[in-house]
Every structure is written in structure tokens, then in C-alpha cells.
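Participant: These protein sequence lines are chains D and B, in that order. The first sequence begins at 1 in the working numbering and counts up one residue at a time. The second sequence begins at 151 in the working numbering and counts up one residue at a time.
If you're looking for bench data, these hints aren't it; they were derived computationally from the structure. In this text, a Cβ means the ideal position worked out from N, Cα and C, and glycines have one as well. A couple of the hints might just be wrong.
Stated by the list, open to error - Chain B is faced by these chain D residues, among others (derived, beta-carbon under 10 Å):
#, residue
1, LEU40
2, GLY41
3, VAL50
4, LYS68
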Amino acid sequence: MTTIELNGSAVTIDAEADTPLLYVLRADLQLNGAKFGCGLGQCGACTVLVEGEAVFSCTVPIGVLAGKKVTTLEGLGTIERPGRVQRAFIEEQAAQCGYCIPGFIMRAEALLRRTPNPTDAQIREALQPNLCRCGTHMRIFRAVRRAAKA
Amino acid sequence: MHSPFGTIYSTNITPDRETGIGAWSLEVFARAMREGIGKDGEHLYPAFPYDRFQRTTDEDIAALYAFVMSLPPVRAETPANKLVFPFNVRGGLALWKRLHFNPAQRGQTTPGALGYGEYLVEGLGHCGSCHSPRTRLFGEDLQRVYDGGEAEGWHAYAIDENNRAPIPWDTKSLAFYLRHGWHPQHGIARGTMGLVTDDLAAAAPEDIEAMAQYVASLMKPPSPARAARARELLRAPPVEVADQGDPGAIIYDTTCRGCHRGGDMPWDGLPLAWSIGLVGESPRNVVNVILHGIPPAPGGETTPMMPGYAGALDDAQVESLVRWMRANLTDQPPWPDVRKSIAESRRMTPSMLLFPPGGTRFDPAKTP
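Isolated chain D, as found in the complex (with noise of 0.2 Å):
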């Protein structure tokens, strides 16, 4: 049993501890914000937020995460109220097939929590460990650009 603190209330799990936080999330908790892209940490479908900093909720097992606060996707606002950054990106309307997009909001959020003002190399360099293959690249970074002007 590991209890975390998630998108701001207490959650306990029942899982091994070996299980990756993104099983967790999606199969236990049927928060599916973080996708399953490559399960090996390269692609960045699944980043989330622990403790404020984006990680690859693939590679982190649930066990070492007893009593740190994990923000998903679902924490940084609603489709009726739709986050800072989760509204600049679809302002700019930066998706095509939208798999990767909430891997970049997550790490776009962590990004401008640690820096809000970057500057575009600030952003190309923290935006480098996710990918998208439909090529939404420049409207991602305007996006981020979007939302800490916002």
C-alpha cells in the first residue's frame, strides 16, 4: 500500500511496489491524461508532475513515491476550466493526432513553474526529451510561449 498525495488529496494505492505510476494512474485510477507511448522513458506520452519536477510516469515506480504530491493532467484544470497552459494550447490549436500534447503540457507546466519568463532556448532545450511524430513541434512552442505570456 503506498498513499500519495494526487492532484491535491490523499490517494492510497494497492499495488507492488515495483508497479510504474502510470499503471497505476490509468488502470487503477482511470486517470488517462498520461498516455502509453514507448514504456521506456524515450518518448515523454507519459510525463508527469512529482513534487513539481516532469518525470516518466512509465519508468517510476509507484514504491518510491510514498507521500509525494503527483500532479496528472486531470490536476491542471477541467475541460469547463481548462489551465493556463492546457488554454494555450488549444489556442493555438497545437495537436494533430493530440497523443504526445499531454506529455508537452506537463512538462510546458514544469518548465514555467521553475522559469516563468524562458527564453525560446530555455523552452526548445526543456521540451527535448518528448516527442511527437505529427510534426506539431512549432505550434507546441508557441504554445508555451502562449501560455507564459498568459
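Start from chain D and add chain B according to the hints.
Facilitator: Just chain B, lined up with the frame of chain D:
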């Protein structure tokens, strides 16, 4: 380049006449390489390793000069160095040179391939610039050359008889590693060494072979006890965790073990009992890799990688993991200063992580 006394900017060495070295004659170039003196007679900072380059032959200096002058000139002003007093006073370098600069020792000293390897390693290769401890005045400690040093936030392992690699290096494994940036029994080059092996991929095979032969001669053959332990580790690397009582064991078991069991190297992780990182003099490299991982190549080339755990693991967790691995996967005593390494590693900037721009070289056809 980050240093303990500030930031030093590498200068423009394209043949641009105003901002580069386009106006330099061969003689001026040779003097800079061997004596650390710039075009206008100023002393150069030893971040440029002229203390090592001084033994470069006339022939090699001329070849380097011809190559550099063949590059397209780029107009680029070098930013001013940001050094603290007294290191920002160039005149002080004259004193430094008197203390740390040996009289010129040119060319090859030992005949044959071993001597050629010595020339490359001691000179242009300047391996000792990172792999030797520094004195309090930041010169190479000439009493302890190759006993291990520091390089921009990474520990450079001893490459003499004090090298502690669990699987002892030999000429063949060194040559493979220098050429490809990884070896199935030693893992992949990372940090500043990743940049070195990335460049060496373009070196002539006979040059790599000569360097490997010379470094192997510095390391000397392993003692019978060390060789026996290596055979045992290779036969059955300890990977599984028997005792789950320690928090570090739980983190290792749930986070590391799944990949670090060998097999299809370098895509699978090295069994950590084979890692020189865990037996090394400092925990710094292990901590760097745990926190920052091995990033994939930025151009999307197929390369080994490891996700970093800076976000997922807090300082206490990283410390318990490092302590458990050191105690259970090596025959070495505990490190005294793990927390300090963690704090320093968390402050590293991406430019200090310095992974090879093209990613680690991998040629399955050449796997030994």
C-alpha cells in the same frame, strides 16, 4: 567551460582574420600550441592544455595548422571570460607556468607502437588533463598523474594501476571503448568522456590501438585475486535482491534492476556490479546518472539512453540507493560524502552534462 574559478570561453579557431586565427602564421600557431602564448604575446589560460600539447611534433603541428586553416572562416567574437580575482589577471599565468610547465619534451620518446601510443596519450590526447588530480594551483599533480581527477562535474577515473574497474581493462576492451563509446563489460561513455569517444570515432584505427596499448600498460595486468573476482562477476553478476529490508534495496529492486541485467548491450543496462562508477573514488558519476539519466541523442539517432530520476527520487532516496548499491554490489567501503555529491549534481546545468551530440556510437558488427 566551467571551472572552479569562473567561466572560460573557448576562442574562435576558424581562420577569420578579425575574430579567429586567420592572421596567425604557422610559427604563432606552434607557439600557442606548445608554449601557451597567444598572437600578441599574451599568456593563454591552461584550460587550453598546452602543458600537454608541448610535445606535439613539427609534422603534427603543421598538419593541424593546415586543417584548421582549411575550415570556412566564421565571424564570432569570443565573450569575455568571467573569472574571479586573481585568476582574471593574465600576468599571473607567467608564475603558474613557472610552477607547472615542464621544459619542452617534444616528440616520441619510446620506440614502436607503445611509444606512439604514449605520444598520443601524453600529448595531443591530453588524457591526463582530466584523469589526473590537480594541485591547489590547478596544475596537474605530476606526482600522481593518471590517479583520477575531475572534469566539469564528473569524476575522471584513475587510468593507471589504481584503476578499479570490476572487470579489468585490457588493450582490446580499451580500443573498443575508445572507438565506439561503450563496451559490453564496462557500459557507455558519459559526461565529458562521451564527447571524447564521439570524436575518437573518426580517429584512425591504428591510433586508437596505440592509445589503448599505452593505457593498458599504465593500468598494468590485474592481480590474480582481482582477475578471479572479475571471472566470477562475469559468470554470475549479482542482479537480484535477496534482502528487501533496506529502503535502498527496494528502490534498486523496483527502479534499476529491470534494465540493469546485461544482455543486449548497450541497449540493456550494465549489471551494476560491473560498473566502475560504483567502485570509483567518488559517488559523483553514479549520482549524476541516477539524477540526470543518459539523454537520447538530440538529433533522434538511435542511441542508448536512461531516464533521469531527479524528479522521482528525493535526496534521501538517492542516498539510500547509492549506499545500498555500494555496500551490496562492490567490495569497497562506504563513500563518506554522498549527500554532498547529490547537492552538487542537482545544481548541474544541461551544458555540464555534456553528452555526445551524435549519441553513443554503436556498431553491432564490431561487438567482441
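Participant: Next step is simple, just say for each hint if it's right about the structure.
Facilitator: Tested hints:
Contact between LEU40 (chain D) and chain B, as hinted, is supported at the beta carbon level, the nearest pair being about 8 Å apart and thus within 10 Å. Checking GLY41 (chain D) against chain B by beta carbon gives a least distance of about 3 Å; that is within 10 Å, so the hint holds. The beta carbon of VAL50 (chain D) comes within 5 Å of a beta carbon in chain B, closer than 10 Å, and the hint placing it at the interface holds. Checking LYS68 (chain D) against chain B: minimum C-beta separation of about 8 Å stays under 10 Å; hint holds.
In summary, the structure agrees with every hint in the numbered list given earlier.
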